[in-house]
Structure formats: structure tokens, C-alpha cells
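**Student:** Single-letter residue listing:
There are 4 protein chains.
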Amino acid sequence: MIGIAVLGAGRIGKIHAANVAANPKAKLVAIADPFADAVNPLAERLGTEAMSDCMAAIERPDVDAVVIGTPTDTHVSLLLHAVKLGKAVLCEKPIDLDMAKSEEAAAEVERQNGRVMLAFNRRFDSTFAEMRKAIDAGRIGDVRQVIISSRDPGMPPESYVKTSGGIFRDMTIHDLDIARWLLGEEPVTVTAVGSRLIDPSLRQYDDYDTAMVILQTASGRQAHINNCREAVYGYDQRIEVFGATGMLVQDNLRPTTMRVWTAEATDAREPLLNFFLERYTQAYRAELDAFVDALSDDTEMPTTVRDGVKALRLAECAVESVRTGRAVTV
Amino acid sequence: MIGIAVLGAGRIGKIHAANVAANPKAKLVAIADPFADAVNPLAERLGTEAMSDCMAAIERPDVDAVVIGTPTDTHVSLLLHAVKLGKAVLCEKPIDLDMAKSEEAAAEVERQNGRVMLAFNRRFDSTFAEMRKAIDAGRIGDVRQVIISSRDPGMPPESYVKTSGGIFRDMTIHDLDIARWLLGEEPVTVTAVGSRLIDPSLRQYDDYDTAMVILQTASGRQAHINNCREAVYGYDQRIEVFGATGMLVQDNLRPTTMRVWTAEATDAREPLLNFFLERYTQAYRAELDAFVDALSDDTEMPTTVRDGVKALRLAECAVESVRTGRAVTV
Amino acid sequence: MIGIAVLGAGRIGKIHAANVAANPKAKLVAIADPFADAVNPLAERLGTEAMSDCMAAIERPDVDAVVIGTPTDTHVSLLLHAVKLGKAVLCEKPIDLDMAKSEEAAAEVERQNGRVMLAFNRRFDSTFAEMRKAIDAGRIGDVRQVIISSRDPGMPPESYVKTSGGIFRDMTIHDLDIARWLLGEEPVTVTAVGSRLIDPSLRQYDDYDTAMVILQTASGRQAHINNCREAVYGYDQRIEVFGATGMLVQDNLRPTTMRVWTAEATDAREPLLNFFLERYTQAYRAELDAFVDALSDDTEMPTTVRDGVKALRLAECAVESVRTGRAVTV
Amino acid sequence: MIGIAVLGAGRIGKIHAANVAANPKAKLVAIADPFADAVNPLAERLGTEAMSDCMAAIERPDVDAVVIGTPTDTHVSLLLHAVKLGKAVLCEKPIDLDMAKSEEAAAEVERQNGRVMLAFNRRFDSTFAEMRKAIDAGRIGDVRQVIISSRDPGMPPESYVKTSGGIFRDMTIHDLDIARWLLGEEPVTVTAVGSRLIDPSLRQYDDYDTAMVILQTASGRQAHINNCREAVYGYDQRIEVFGATGMLVQDNLRPTTMRVWTAEATDAREPLLNFFLERYTQAYRAELDAFVDALSDDTEMPTTVRDGVKALRLAECAVESVRTGRAVTV
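Chains as they are written, first to last, in full-length UniProt numbering: chain U, 1 to 330; chain G, 1 to 330; chain F, 1 to 330; chain V, 1 to 330.
You can take every hint at face value.
Identical copies carry no separate label here, and so any pair may be met within one copy or between two of them.
Calculated cross-link-like contacts (lysine-lysine; reagent style BS3-like; alpha-carbon spacing at most 25 Å): (1) K310 - K93; (2) K14 - K27; (3) K101 - K84; (4) K25 - K14; (5) K310 - K133.
Hints were generated in silico from the structure; no laboratory data involved. Quick caveat, the model's predicted, so the values are computed rather than measured.
Using the sequences plus the hints, can you model the full thing?
**Tutor:** Here it is as C-alpha cells:
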């Protein structure tokens with residue numbers, strides 16, 4: 001059994017804690033969060049110990065690994081502390097909003113041969129995983145174009161926008177990781193445009209609500225991402241991978257397979273799953289299980305801090321491309 | 001060039017006349033209908049001669065073939081007159097509502113080696129034809145079950161209901177023909193139920209608005225048909241053919257491929273095509289072309305009066321099954 | 001906490017036991033099965049006690065409720081023993097293959113006001129439940145026709161066929177329950193046909209591999225069921241409910257939303273989920289949770305032994321209809 | 001009746017000639033083409049006069065309008081000759097591959113108030129037209145993003161590539177026109193990337209086989225286009241228009257609605273329609289009819305030479321963007 005402490009008892013910490021508790025190879029040793037109102041009921045419900053100090057949780061001798069789901073600005077220090085003590089880490093994205101700090105953290109982890117997995121949950125969703133598997137199996141030949149449509153159900157609150165790092169670092173970054181992963185080659189140029197079609201006041205934060213990106217790899221493979229902070233029909237997550245001998249298309253996941261026919265419309269499906277927590281429930285579980293498997297089998301981490309740095313680097317390039325109107329070399 | 005006269009300038013006559021005019025191997029010699037107000041403008045628009053007497057049209061020396069689109073009770077006399085004169089015939093369904101009279105007509109046509117095609121238009125629809133072709137090509141192995149969903153957009157007027165022969169002879173008959181054709185074997189038993197869920201007053205005509213049928217062939221192949229006189233979402237025409245190594249499914253044809261996503265529903269398609277004239281436009285054209293091809297190539301008629309008799313016989317069995325609560329042997 | 005013992009450690013017992021263990025309001029007190037090789041590893045894995053005697057498990061004072069997943073011929077005695085002791089029961093279908101014995105068991109449970117839920121798992125599947133909810137909300141008006149396509153992936157072994165009670169009692173029965181439930185009215189007549197298209201040797205067991213059924217209610221609502229023991233493309237579960245103001249259609253559930261385009265075919269989906277255990281994983285979980293909720297909230301059982309008797313009665317009628325070629329009155 | 005001469009008896013001229021012949025308000029007066037082998041059988045089949053001299057055809061007193069389907073380098077001279085004589089024109093795209101010459105032609109047409117329609121056939125396809133209508137009806141609110149996937153079934157022959165003007169002027173130009181039309185605002189910046197993933201030898205023509213484009217309008221609306229010269233699954237034409245209150249999605253048109261289920265794949269559709277002549281058959285017909293209607297009703301031309309110039313200008317910007325790696329201002 002692998003002893004795991006979950007750091008952070010907020011929205012994402014709750015999910016990780018429940019998934020650790022449900023994993024037969026892991027033992028949820030503790031949940032740590034300075035906010036007692038969050039951590040105490042969660043720990044009680046899952047039958048584990050509540051702690052207020054994340055550093056202390058890392059240091060416990062019965063803790064083999066930690067899951068970091070705390071606010072972004074604490075990630076690097078928690079992560080490096082765990083690595084220094086030889087503990088494995090599953091860390092939420094992003095490593096940090098600052099590129100240089102992220103780079104340094106990644107370099108330090110690599111220097112210490114740290115066992116750190118970055119939580120790119122989408123890669124573990126059954127459909128995403130099946131697409132990657134189908135590509136690897138040669139079912140569509142060499143990848144030529146990846147098209148990602150990714151839209152949130154509604155604008156985040158202004159308090160969030162202020163500290164989010166902007167649409168490219170906060171939202172597009174997930175799609176940039178998936179684009180890298182599905183292209184099978186590193187992008188070498190990034191072109192992006194941003195618009196304020198929903199909230200013009202985003203100008204004060206140099207931010208956008210609607211964006212498009214093009215990536216190109218050295219061999220010429222191309223990826224396109226379109227994002228919008230608000231889609232009235234719900235959280236929209238679709239992907240198309242076009243290759244030399246075929247194409248894979250991923251539709252949205254829905255709560256049921258029911259279709260409705262009325263005098264107004266035929267063959268209509270119900271609204272989409274609300275947001276990422278509902279859409280990627282299975283993915284979060286599979287991600288945690290993959291982390292535990294990598295530890296128990298002593299195999300490579302399926303995603304690394306380096307992946308996080310690379311996705312952030314692409315987001316930085318997108319920001320620069322919007323600013324300069326140029327294709328930015330990665 | 002094959003000289004063709006169209007008999008009947010009503011709804012279906014108009015379609016046949018236009019299709020004859022558009023066929024490069026045929027010449028539309030005349031349109032005949034006792035109602036001058038119907039036939040004159042139609043003939044003028046298509047640049048052909050208007051006649052009031054259908055028998056006279058058949059007898060014209062420049063007429064090689066006739067298309068019969070007149071009221072049902074005139075079909076047999078026109079048909080047999082044409083056959084006697086050695087003219088080919090494309091005749092609308094049904095031959096006659098009376099089983100004995102239909103049998104006699106078919107026997108007479110066969111005695112005289114008459115060249116008569118019965119207008120089972122659906123068989124010529126591109127999707128129906130593709131399904132039959134896929135079965136013939138062995139793509140789904142031996143057929144096991146055929147399921148036909150066939151619903152009209154709305155109740156016909158009472159005046160029509162009175163003389164229609166009832167839902168089984170008027171509406172189900174089309175599906176019975178398709179079931180025979182897709183099963184690839186003759187049904188030997190017919191079981192049916194009928195309900196009055198829309199209009200209880202149909203009881204006075206011994207008629208129903210909602211029906212289900214099961215057919216079984218000698219080897220045990222099965223077909224199910226469900227009908228309703230009213231579907232609020234439009235004219236519904238779907239088929240499933242399940243076989244030993246696969247299944248073919250036919251969806252409704254629609255005017256566009258557009259899908260609509262809103263806050264209320266996602267992936268919704270537009271309403272269906274209004275009714276059979278719109279749904280089977282291409283099929284009527286292909287049917288006429290097949291008739292002309294059979295004449296110009298001197299090949300077998302793709303559908304015969306005997307097919308009409310057999311479909312009517314199945315409809316008769318369905319009526320009897322509803323009345324007796326028994327599986328009726330054909 | 002409700003103390004629950006699971007009786008039976010076979011395929012279905014394993015699922016129930018895991019679902020009890022995962023339910024936060026229940027405690028898995030014991031698993032009982034005479035086969036030590038089945039029950040011991042399962043009990044160990046789930047951290048509970050293994051027992052060899054089902055009756056003894058029922059009698060434990062810490063057992064408030066039992067889940068019966070043993071062979072069919074043991075259901076009635078276990079069920080009645082539990083009811084006599086005032087224990088609640090979730091019992092697998094069927095109650096018994098014998099109609100009279102099932103009736104007696106149901107009457108006895110009702111006499112004793114027993115708390116017994118019959119395990120009609122499909123009703124708890126999210127899509128099935130959403131369909132029933134949509135009907136109740138009036139989204140399609142009064143139900144007119146229900147069409148159920150339900151096919152197994154492959155023939156069961158002969159050993160199973162011998163004791164299964166035949167396709168109508170073993171396979172169609174699930175669809176008969178769903179038809180009753182979706183029609184919203186009791187069927188009053190049953191018509192059925194059976195064929196041996198896969199295995200002619202089924203004749204020795206008076207059994208069939210391919211079947212079609214029509215049900216009709218007193219007001220005239222109609223349901224059709226088509227079944228086949230073998231579908232090369234997998235476990236096929238589709239439903240259509242056609243009503244006065246709309247229609248609901250349920251497609252198969254699949255492991256991913258991926259579609260594949262190649263030179264041979266476009267927009268193709270992957271094979272279906274293997275069989276009922278995979279297709280209805282979520283339904284089994286929701287069924288167990290509904291049982292526990294009914295106990296903890298002291299509300300009515302969502303399905304009852306009476307439902308089981310009614311479904312079995314419809315299956316008996318279908319058998320008789322095939323034999324006599326008549327519509328059988330329920 | 002409007003007298004029309006069709007200039008050019010090649011692939012596209014044949015289609016236009018048949019559509020003129022089928023239009024009840026038009027008379028096909030002549031078909032002109034210097035290649036007797038092409039023009040003579042076509043004229044004979046359609047019952048009209050064959051001519052060898054396009055200029056002479058324009059000058060005929062019984063010609064009110066001409067349809068230009070000749071090689072691109074003859075478009076401008078034929079077009080301007082017709083306009084000078086007061087004849088209406090339906091001209092195939094592009095006006096000319098040279099931007100300056102196209103601009104001059106457009107200016108000349110406008111100076112003379114010429115009645116010239118440029119043949120942007122896709123706008124007349126029933127699904128494209130329904131999308132524009134749905135946007136105009138406010139069904140999805142203000143447009144935010146347009147995504148166009150447009151791929152050809154296979155590489156054109158080298159002889160064609162040499163003179164085509166390159167992928168952006170030859171292929172992307174159709175999508176650029178549709179993007180302008182669906183955005184409802186003029187793009188102000190163009191960003192593009194090009195790759196040689198199929199045929200590296202395209203480098204000698206400064207051409208590409210795979211391309212992506214982003215357009216942005218003054219208010220910030222965005223469009224993305226992805227193109228490839230070769231899609232193994234056929235001619236791929238899909239569009240998504242995402243707006244403030246909904247989204248419209250256009251799937252490919254197919255010859256039938258049949259879906260195939262086998263042990264390998266389920267719900268598969270047949271291959272796509274072969275190429276643009278098959279995919280846009282109905283659109284070519286509707287385009288010609290719209291031209292004739294505009295003439296007979298004396299209304300505005302639905303598309304103009306100016307539209308052609310604007311699409312070509314966007315293609316030029318795309319070429320420049322690929323070359324410079326910059327967003328190019330239109």
C-alpha cells in the first residue's frame with residue numbers, strides 16, 4: 001500500500017482525495033489544508049486524518065506520495081519540498097504562472113530525479129486515450145492536422161480573471177498540451193489571435209475571452225485550437241485528428257444517449273455535462289490510478305513537470321503572438 | 001424515343017409527367033384527365049398535348065406506354081385496355097382495393113404477357129436501393145429481422161379515410177411490400193394489432209390510426225412494421241435490417257445536414273421532409289427512369305402486378321389478424 | 001449504517017458486493033456462498049467476512065438487509081426466510097422460473113408487508129431513467145408505441161440453455177418489464193413469434209434464438225420487442241418511445257465517443273460494450289443505491305416482487321402465443 | 001424567356017448548360033467552345049446550337065446573358081466584352097489569378113453598371129443557405145467563430161498545380177468566400193501557415209498541400225480554415241458557426257442515409273460524395289436558377305465581381321502571411 005497525503009481540500013482536492021480513497025493500492029493517510037472548515041468534514045467523510053499544515057503532511061513518515069491541489073502560487077515550494085524528501089508527487093497544473101520559475105522547478109526536479117507527475121487529466125479520459133492509442137496503432141497514418149474546439153460554459157468571476165494569468169495560460173494551456181500529445185511532434189511556431197467579444201473590460205487585464213491558435217511542427221504538422229470563455233450550450237470539448245490514411249473525431253461526452261424528437265426539432269441531444277469536473281470525472285480517477293500504478297510498478301511517470309513547462313512555453317508564445325501579430329518561434 | 005401518355009393530372013400525375021418530360025429516352029406525347037382545369041395548364045407547362053379521355057390517349061398510335069395516375073377504381077380497366085393493345089404500363093398502387101379484382105387483373109396481365117410495372121416507388125429511393133444492394137452483396141449475411149418504422153405526419157381528411165380501404169390497405173401496404181423485398185423470402189404468417197389512439201370515431205369505418213404487424217417467413221425470418229397516421233415531428237421513414245453478420249440502418253432523409261446547438265438542446269436536426277412527395281422526389285424520378293430503361297432495353301419489369309397482389313394479400317391478412325386475434329396464414 | 005449481507009459470490013454477486021462496499025450509507029457485513037474458492041478471495045478483497053451458509057448470513061443480528069445473487073432455484077426460499085425475519089431484500093430476477101411458485105412468493109411477501117425490491121437493473125440506467133422522467137414530464141405527450149431492440153452478443157452455452165426457461169423467460173423478460181414501465185399501462189394482450197435461425201437444435205428444448213413480440217394495453221397503446229441471441233456487432237440495446245407530441249430514442253452506450261473515418265467507411269463508431277455487465281455497470285450501482293436509499297429514507301421500494309410476477313406472466317403469455325398462434329389475453 | 005449562351009463545354013460548362021436547359025424561364029440559345037469534339041455532342045444532346053467562337057456567341061442578338069465556364073485566363077476579356085454589349089454574365093471563379101487585373105475588371109464592371117454574378121456555388125447549396133438564413137433569423141446570436149474544414153479527395157495532377165496559382169488562390173479561396181459570408185463582417189487580418197506533408201516537390205512551385213488560416217474582423221470575430229489536398233475518406237466539407245446564443249454545424253452530404261454495423265465497426269456511414277461536382281450538384285442548379293431569377297425579377301446579383309476580388313485579396317494575404325510569418329492586414 002502506498003501512503004498518500006492530499007494537499008488542498010478545495011474543489012479539486014476533494015476529487016483527488018476521493019479517488020485516492022477508492023484506489024485499492026493506496027491508503028489516504030491525511031488531507032491537509034489551512035482552512036479547517038474545508039478539510040475537517042472532508043477528512044471525516046473519507047475516514048482519514050485532517051491536518052492544517054501541508055509541509056508537515058509531506059514530512060510524515062507514513063506518506064510515500066503527495067497530491068498537490070493547493071493554490072497555484074504554492075505549487076513549486078510544496079513540490080520541491082516533497083522531491084527533496086524523496087516523496088513522489090502528483091501536482092495540479094500549472095506548475096507556476098511564471099515561466100522562469102516553472103523552468104527552474106522542472107530543472108531542479110530533473111536534477112534530483114524526482115518522481116513527479118503533472119496532472120494533465122484529459123490525457124487519461126477514455127476517449128482521449130483511445131484516440132492516442134488508435135494513432136499509435138497506425139489507424140490513421142501520419143498525423144497531418146489536429147483541430148481542437150474547447151469552450152467553457154460561462155465567464156469566470158472577475159476575481160478569478162485577475163489572477164488567472166489570462167486565457168492562454170489558464171484555459172488554452174490544456175488544449176496546447178493535448179495538441180502536443182496528439183501531434184506526436186513538438187510545435188516550433190505558434191500563431192494566435194485574441195478577441196473581446198463578451199467582455200470588453202478584459203482590456204484592463206490585457207486578457208481576451210475568445211481565441212484562436214495555430215501550431216506548426218518542424219515536419220509541417222499543424223494544429224488549430226479555438227477557445228471561448230462562454231458557450232450557451234455548455235462545456236464543449238471536441239477534437240479531430242486528420243491523418244494520411246484516416247481521421248479520428250471525438251464528440252462531447254453526455255450524461256445519457258437519449259435523443260428527443262418534437263415538432264420543433266428532431267434527433268436532439270440533451271445539454272452537455274456542466275463543466276470539467278463533470279466531464280472529466282472518469283479522467284481524474286484514471287489519472288490518479290495511473291499515478292499509483294507508476295509508483296507501485298516503478299515505471300515512468302506518464303506526464304512530467306517538463307510537459308507542464310512545454311505547455312506553458314506554448315501559452316507564452318501565444319500571448320506574444322497576439323501582441324506582435326507574428327508567428328512566434330518556440 | 002418511347003412515346004408516353006400520362007393518365008391523370010392530379011398530385012401524382014404531375015410528378016410522373018414532369019419525370020417523363022425530363023427523361024431523355026422518352027417523349028411525353030399527351031396528358032389525359034377529364035378535369036380540364038388540371039390537365040390544361042400542366043400540359044401547357046410541359047409543352048405537350050392535353051386530352052380529356054384516358055382511353056383515347058391509350059389508343060393513340062404514337063403512344064408506346066402509359067403511366068396510370070388516375071383514381072384507384074379506374075386502374076384495372078385502364079390497365080387492361082392498355083395491355084390488350086400491347087402498350088406497356090406503369091401503374092400506381094394499388095391495383096384495386098378489392099382482392100379478387102386485383103387477382104383477376106394480375107392473372108389477365110400474365111396471360112397476355114403484358115408489360116406492366118407497379119409503382120412501388122420506395123424501392124427506387126437511393127437509400128432503399130443501397131440497402132437491397134448491400135444485402136445482395138452479402139454485407140450482413142442472411143437476413144434475420146427487418147424492422148420498419150413508418151409514420152405519417154397527420155391524419156388524412158375523413159373523406160379520404162372513408163374510401164381508403166383502411167390503414168392496412170392504404171398505408172401499411174407500402175411497408176409490407178418493402179418487408180417482402182428486404183426479407184428476400186415470402187411471409188407465410190401475418191399477425192397484427194390496431195388501435196384508435198388519435199381518432200376513436202374511426203370505429204365506424206372499422207379502421208385504426210395506429211398499428212403493428214409481425215411477418216414470418218417459412219425459414220423463420222421475421223419482420224416488424226409499426227405505423228401511425230400522425231407523427232408530430234413529421235413524415236417518419238426508418239428501416240433496420242439485421243442479419244447474421246451485420247446490420248443496415250436507414251435514417252430519415254432531410255433537406256439539409258445542419259445541426260443546431262442552443263441552451264435547450266444540442267446536436268438537433270431540423271424537422272423532416274413534409275410527406276411522401278417531398279421525401280421520395282428522387283425515388284419517383286428513378287422509378288420512371290427504371291420503367292423507361294426496362295422498355296428501351298427490353299428487360300424484365302423491376303416490379304410487377306403480382307407484387308401488388310402479394311402486398312395486398314398481406315394487408316388482407318393483417319386486417320383478418322386484427323379481427324380474429326390470430327396469426328393468419330398467407 | 002445499514003448492515004448488508006450479499007448472498008452469492010458469482011458474477012452478479014461480485015458486482016453487488018462491490019457496490020455495497022462503495023455505498024457510504026451501507027456496511028458490507030458478510031458475503032455468503034457455499035463455494036469457498038469464490039467467496040473467500042472476494043470477501044478478503046472487500047475487507048469483509050466470508051460465510052458458507054446463506055441462511056446463517058440472513059440470520060445475523062448485524063444484517064439489516066440481504067442482496068440475493070444466488071442460483072435462481074434458491075431465490076424463493078432465501079427471500080421468504082429473510083422476509084420472515086423482517087430483513088429487507090434486494091433479489092435478482094427472476095423470482096422463480098415457475099409461475100405458480102412466483103405468484104405464491106409474491107403473495108406471501110405482500111401478506112407479510114415484506115420490504116423486497118426486485119433487481120430490474122435497467123430501470124436504473126441513466127438513459128432509461130431519463131426517458132421515464134421525460135415521459136412523466138409530459139415531453140412527448142401520451143405514449144403510443146414503444147419499440148425495443150434487444151440482442152445478445154452470442155449464443156449462451158447449451159448447459160445454460162437447458163435450464164434457462166427459454167428465450168422469453170430468460171431474455172425477453174427484461175424487455176417485457178421495460179415495456180410495461182415505459183407504456184405506463186398494463187399490457188392486456190401478448191402476441192409473439194419465435195424462430196430458430198442460428199441453432200435448429202433448440203427444437204429439443206422447445207426454445208428459439210430469434211423472437212418478436214407485440215403487446216397491447218387496454219387503451220390501445222402498443223409495444224414491440226425484437227430479440228436475437230446473437231448479434232455479431234455486440235450487445236445491442238435500443239429503445240424508441242413514440243408519443244402524441246414527440247419521440248424519445250435511446251442509442252447504445254459506448255466506451256468512448258470516438259468516430260473513425262477511413263477509405264472504407266466514415267463516421268464509424270467502435271464496437272459496443274461487451275455484454276450486460278459492462279453495459280449496465282452504472283445501472284447496477286444506481287440500483288443498489290436506490291435500494292439503500294429506500295431503506296434509509298423508509299420509502300417505497302422502486303420495484304417489487306409483483307413487478308417480477310407481472311413480467312414473468314407476460315413471458316408465459318408470449319410462450320403460449322408462439323405455441324398457439326393466437327394473441328393471448330394476460 | 002431569357003436567351004442564354006454557355007461559353008465553354010468542359011466539365012463545368014456541361015453542368016451549366018444542363019441547368020440552363022432545365023430552367024423554365026431560360027432558353028439555351030447556344031454553347032460555344034473552340035473544341036468541336038466537346039461542344040458538338042453536348043449541343044446535340046441538349047438540343048441547342050454549337051458554336052466555336054465565344055465572342056460571336058456573346059454578340060448574338062438572341063443572347064441576353066452568358067455563362068462563362070472557359071479557362072481562367074479568358075474570363076476577363078469575355079466578361080468585359082459581354083458587359084460592354086449590355087449582356088448579363090454568370091462568370092466562374094476566379095475572375096483572374098492576377099490581383100491587379102481582377103481589380104481592374106471589377107472596377108470596369110462597376111463603372112458600366114454591368115450585371116455580373118460571380119459563381120460562388122457553395123452559397124447556393126441548401127445547407128449553406130439554411131445556415132446563413134438561421135444566422136439572419138438570429139437563431140445563434142452574434143457570430144463569434146467560424147470553423148471550416150475543407151479537404152479534397154486527392155492531389156491534382158502536376159499540370160494543374162503548375163497553373164493553379166497555388167493552394168490559397170485555387171482551393172482556400174472558396175472557403176475564404178464562405179468565411180466572409182458567414183462572419184457577416186469583412187476580415188481585417190489574415191494569418192496562414194502552409195506545409196508540404198504529401199508532396200515535398202511542391203516547393204519548386206512555392207506551393208503547399210496542407211494549410212491553415214485564421215481571419216479576424218474589426219469587431220474581433222474569428223474564422224479558421226483548414227485545408228488539405230488529399231483526404232483518403234473523400235471530399236470533406238464541414239462548417240461550424242459558433243455564436244452568442246447557439247451554434248450551427250454542417251456535416252457532409254452523402255448519397256444515402258444508410259449506416260452499417262459489423263463486427264469491426266458500428267453505425268458507420270458510407271464514403272463521401274466523390275468531389276465538388278457530385279457534392280454541389282444541387283448548388284450549381286440553384287446558383288443558375290438564382291442568376292435567372294435576378295435577371296427576370298431585375299433584382300440585385302446575389303454575388304458580384306467585387307466578392308471575387310475580396311476573396312482573392314484574402315488569398316493574397318494568406319500567401320504573404322505564410323511567406324513573412326506575420327498577420328497581414330487586408
